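Listed below, chain by chain, are the residues.
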Amino acid sequence: MSLEKITTTNIWMRLVNTEYDNLNSKELELKFKSIYLEETGELYEGDISIYHSSESEVTSKLNSGYDGTALLLSNNNEEKLYVINQGTTNLADWKENIKGPFAGKSEKQAEATRTFVDDTKRNFGVGDGVETISLGHSLGHHNSSMTGISDDTFDEIYGVNGLQISPVEAYNYDFNFYDAVNVHFGLRGKNDIYEIPTNELAEFTKEFYADAPVKIHQYISEDDPLYAVTEKAGFVTFGDVTKVDTKLETDGIKELVDDIPDDVIASFRDLAIDYADADNKGGVNEVVYQLLGVQMEYLEGIEGKADLLKWYAMHNDEVDETMRALKDNLPPLADKIRLISQNADTIFGRLYEAGYIDEEQKKVMIEEIGNLDEGLTKILGLINANVGVNEESWSVALGGDIATFLIGKEIAGSLTESIQNILDSGTLDSLKGIKDSHSINELLNAMTKGKKSYIGKDLIYTANAGGGEAIKVNMTAALKMYRKGAMLLDEKRTAIVRLEERLNEEIAISYREEKYKVLDGINHIEASPKSFAYERGWMHRYPLYEVESLVVDEHIEPLRNADMDEEVRELYKNVESGHMMLEDYRKAIEELFRKEEEVAQMFDLVRGF
Amino acid sequence: MKFTDTEIVQVIPEEDHSYKGRRLRQSIEEIQDKDDEFYSLINNVIVGEDQKGKIMDQMSTVAFMRKLNEQKLYMSLALKTIKVVGNYSERVEDNKRQKVVLTYNQSAKVN
Chain V
1 MSLEKITTTN
11 IWMRLVNTEY
21 DNLNSKELEL
31 KFKSIYLEET
41 GELYEGDISI
51 YHSSESEVTS
61 KLNSGYDGTA
71 LLLSNNNEEK
81 LYVINQGTTN
91 LADWKENIKG
101 PFAGKSEKQA
111 EATRTFVDDT
121 KRNFGVGDGV
131 ETISLGHSLG
141 HHNSSMTGIS
151 DDTFDEIYGV
161 NGLQISPVEA
171 YNYDFNFYDA
181 VNVHFGLRGK
191 NDIYEIPTNE
201 LAEFTKEFYA
211 DAPVKIHQYI
221 SEDDPLYAVT
231 EKAGFVTFGD
241 VTKVDTKLET
251 DGIKELVDDI
261 PDDVIASFRD
271 LAIDYADADN
281 KGGVNEVVYQ
291 LLGVQMEYLE
301 GIEGKADLLK
311 WYAMHNDEVD
321 ETMRALKDNL
331 PPLADKIRLI
341 SQNADTIFGR
351 LYEAGYIDEE
361 QKKVMIEEIG
371 NLDEGLTKIL
381 GLINANVGVN
391 EESWSVALGG
401 DIATFLIGKE
411 IAGSLTESIQ
421 NILDSGTLDS
431 LKGIKDSHSI
441 NELLNAMTKG
451 KKSYIGKDLI
461 YTANAGGGEA
471 IKVNMTAALK
481 MYRKGAMLLD
491 EKRTAIVRLE
501 ERLNEEIAIS
511 YREEKYKVLD
521 GINHIEASPK
531 SFAYERGWMH
541 RYPLYEVESL
551 VVDEHIEPLR
561 NADMDEEVRE
571 LYKNVESGHM
581 MLEDYRKAIE
591 ELFRKEEEVA
601 QMFDLVRGF
Chain D
1 MKFTDTEIVQ
11 VIPEEDHSYK
21 GRRLRQSIEE
31 IQDKDDEFYS
41 LINNVIVGED
51 QKGKIMDQMS
61 TVAFMRKLNE
71 QKLYMSLALK
81 TIKVVGNYSE
91 RVEDNKRQKV
101 VLTYNQSAKV
111 N
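Going down the list, the sequences are from chains V and D.
Quick note: the first sequence uses the working numbering, first residue 1, plus one each step.
Quick note: the second sequence uses the working numbering, first residue 1, plus one each step.
Note that these hints are calculated values from the structure, not bench results.
This structure is a prediction, so every number in the text was calculated from the model and none was measured.
Where hints are given, some of them may not hold.
Chain V regions said to be covered by chain D (calculated; three or more residues, Cβ under 8 Å) [as the list claims (entries may be wrong)]:
1. 483 to 496
2. 546 to 557
Cβ pair distances, simulated, as ranges [stated by the list, open to error]:
3. D:V101 x V:E566: 38 to 44 Å
4. V:G608 x D:S60: 53 to 59 Å
5. D:K72 x V:R594: 33 to 39 Å
6. D:S60 x V:E570: 21 to 27 Å
7. D:D5 x V:H524: 18 to 24 Å
8. V:N76 x D:M65: 44 to 50 Å
9. V:E526 x D:K2: 16 to 22 Å
10. D:D57 x V:E566: 18 to 24 Å
11. D:Y74 x V:L30: 55 to 61 Å
12. V:D47 x D:D36: 30 to 36 Å
13. V:V58 x D:D57: 52 to 58 Å
All residues carry an ideal CB built from backbone N, CA and C; glycine is no exception.
Given only the sequences and the hints, what does the whole structure look like? Please build it.
Laid out in structure tokens, this is it:
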């Protein structure tokens with residue numbers, strides 16, 4: 001067994017995926033061994049030490065939000081330090097992935113990465129000479145690369161769908177690069193860097209770090225939205241890159257993005273994120289609330305002027321809140337919608353050509369985005385003409401009831417109708433697939449052939465049951481059940497032994513002890529019978545007579561009907577039948593995959609850890 | 001002239017043995033806890049991991065039948081615990097009460 005296997009694609013990618021579960025050291029060790037067994041068919045027999053960034057005081061003090069786990073693996077005189085840098089996966093984080101490097105957030109995380117690696121070496125008592133390998137996804141890979149190319153923190157970096165290096169961030173992070181950029185481009189102030197054409201800065205960055213000793217290996221999905229914007233954002237890619245088409249049915253998203261103007265992409269991305277977040281929470285009302293900050297519940301039931309007057313008179317706070325929200329949120333939203341509306345044919349045309357949406361969805365989107373643009377413009381006009389917000393008194397002055405009514409009617413009517421039509425078209429669900437391409441799983445599945453595939457964090461084997469029916473078996477879960485199930489049955493057996501011991505102690509042994517206590521008491525009485533008779537007042541109970549002798553008519557019954565032998569036997573039988581059930585399960589799976597020898601081997605070995 | 005008389009004597013004081021029932025129940029609960037973990041593991045795999053197909057259907061049925069039988073067994077263990085501790089307590093307390101035979105003889109003072 002060699003540590004080389006740790007960096008085989010399926011092992012390191014699954015390890016990185018597992019890091020998102022924030023397992024404790026014991027759970028992570030178990031998961032590591034499971035992944036190793038599932039992917040190699042062998043037992044990992046080396047030593048493992050685990051250190052998490054939350055345990056590292058110096059790293060935590062940086063308050064960077066960095067999350068990482070270090071594994072020191074040693075086997076047969078070979079020792080390597082693997083650092084898994086956690087990335088980000090949800091939509092809001094994805095947005096941050098793009099904005100972060102410009103905002104300086106990732107700079108802090110790169111610093112935290114370096115600090116954590118140094119602290120890990122101190123904690124494990126290993127010198128700087130230990131081979132240090134980084135494994136990361138998304139922002140995690142970005143942090144590794146940033147510190148890897150500028151500080152030599154890592155000897156080797158493995159990244160999946162990684163966020164690439166931002167020259168602006170490198171400029172703020174690496175003093176040598178800062179000086180070199182200033183000299184090369186003749187910069188006078190820090191902000192001058194933004195004046196350099198993106199491609200020139202990217203080219204210079206590439207050349208500057210060309211000799212960095214770190215070896216970087218990257219796997220990137222051609223459908224990953226992060227990859228799509230890498231070039232447009234002026235990021236620089238280092239190392240050897242394996243590009244994988246993870247969605248064969250659609251064109252790569254990069255080609256699509258390249259065709260659409262940058263500002264439209266940015267608007268569309270922001271809106272899509274808001275829509276998706278709101279849609280997850282629930283329906284049209286939530287979408288309107290996310291976009292405009294307007295509580296649709298307030299407007300329900302307003303159908304005529306009388307309702308409006310009632311709302312205005314009785315719920316002035318709601319009117320105030322609604323108008324204030326509209327005044328703040330409407331202008332930027334209207335700008336974004338207008339930009340998208342002006343480019344709707346290109347955007348939805350390309351999405352349709354690339355296979356992300358169908359023709360009907362394209363039609364609905366173009367039409368409804370146009371309607372939204374029109375509706376928002378109308379509301380914006382009414383608000384600008386009629387609503388004045390007095391900041392000092394925090395009150396909203398309305399130019400007229402009619403204006404309020406029209407605003408309310410427009411929101412409750414045409415806007416919600418358009419949003420409803422968009423939601424009903426399923427376009428947003430279709431587009432959600434775009435973010436899946438940033439996941440490790442989609443890439444793992446695209447690279448894995450044959451019967452194996454991955455769902456969540458688990459390895460799946462697929463068998464053909466005949467008649468074209470495919471049977472999927474979650475091998476990770478099956479092995480876990482086989483191993484842990486047997487462990488629990490053994491623990492149950494131990495608990496039954498404890499019950500037997502307790503029964504013996506509390507009933508059988510205790511009965512014997514009680515018997516001896518009684519015999520002792522009898523002996524005590526018989527040893528001085530007259531004293532006992534005196535004590536009890538029996539000595540002279542009868543006039544002219546006294547007790548001559550006293551004998552205890554000793555009568556001790558054996559203990560009967562005080563065992564649970566039958567029940568205990570039954571409990572043991574259940575343990576055995578439990579093991580048989582697990583074995584039957586194993587046999588059924590082995591039978592299903594009889595050609596795959598590694599399946600039987602995995603079951604053989606899984607109980608070894 | 002002699003005669004005998006009998007008395008029932010409490011050789012050692014009475015005691016409450018109900019704590020033994022609690023201790024035995026605790027041991028049985030430990031066994032039950034392991035079963036609960038076992039079924040929760042199986043249930044997680046069957047339901048949680050979204051496993052389908054004949055193998056899992058069979059596993060699910062076998063697990064359900066086992067669980068039913070085990071519930072019956074635990075019920076009978078609970079009743080048996082009461083019976084065992086009751087019998088033990090009754091027997092132990094009976095043993096503590098012994099019959100004493102007293103032989104009386106005419107007092108010397110009479111002569």
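Hints, one by one, checked against the model:
1. Under a criterion of three residues with beta carbons nearer than 8 Å to beta carbons of chain D, the stated coverage of the stretch 483 to 496 of chain V is upheld, 8 such residues being counted.
2. For the stretch 546 to 557 of chain V, the proposed coverage by chain D is satisfied: 12 residues have a C-beta within less than 8 Å of a C-beta in that chain, meeting the threshold of three.
3. A hinted range of 38 to 44 Å for the beta carbons of V101 of chain D and E566 of chain V is consistent with their spacing of about 41 Å.
4. The supplied range of 53 to 59 Å is broken by G608 of chain V and S60 of chain D, whose beta-carbon atoms lie about 28 Å from each other.
5. Distance hint check for K72 of chain D and R594 of chain V: the Cβ-Cβ separation is about 38 Å, which falls inside the suggested range of 33 to 39 Å.
6. Roughly 23 Å separates the CB atoms of S60 of chain D and E570 of chain V, a value that falls within the hinted 21 to 27 Å.
7. In this structure the hint that D5 of chain D and H524 of chain V lie 18 to 24 Å apart at CB holds, the actual value being about 21 Å.
8. A hinted range of 44 to 50 Å for the beta carbons of N76 of chain V and M65 of chain D is consistent with their spacing of about 48 Å.
9. Judged by the Cβ atoms, the range 16 to 22 Å given for E526 of chain V and K2 of chain D holds: they are separated by roughly 19 Å.
10. Range check, D57 of chain D to E566 of chain V: Cβ separation about 33 Å, and the 18 to 24 Å hint is violated.
11. Between Y74 of chain D and L30 of chain V the C-beta distance comes to about 30 Å, which lies outside the given range of 55 to 61 Å.
12. A hinted range of 30 to 36 Å holds for the C-beta pair D47 of chain V and D36 of chain D, which are about 34 Å apart.
13. In this structure, V58 of chain V and D57 of chain D meet the distance hint of 52 to 58 Å, their C-beta atoms being roughly 54 Å apart.
Violated hints for the displayed structure, listed by number in ascending order: 4, 10 and 11.
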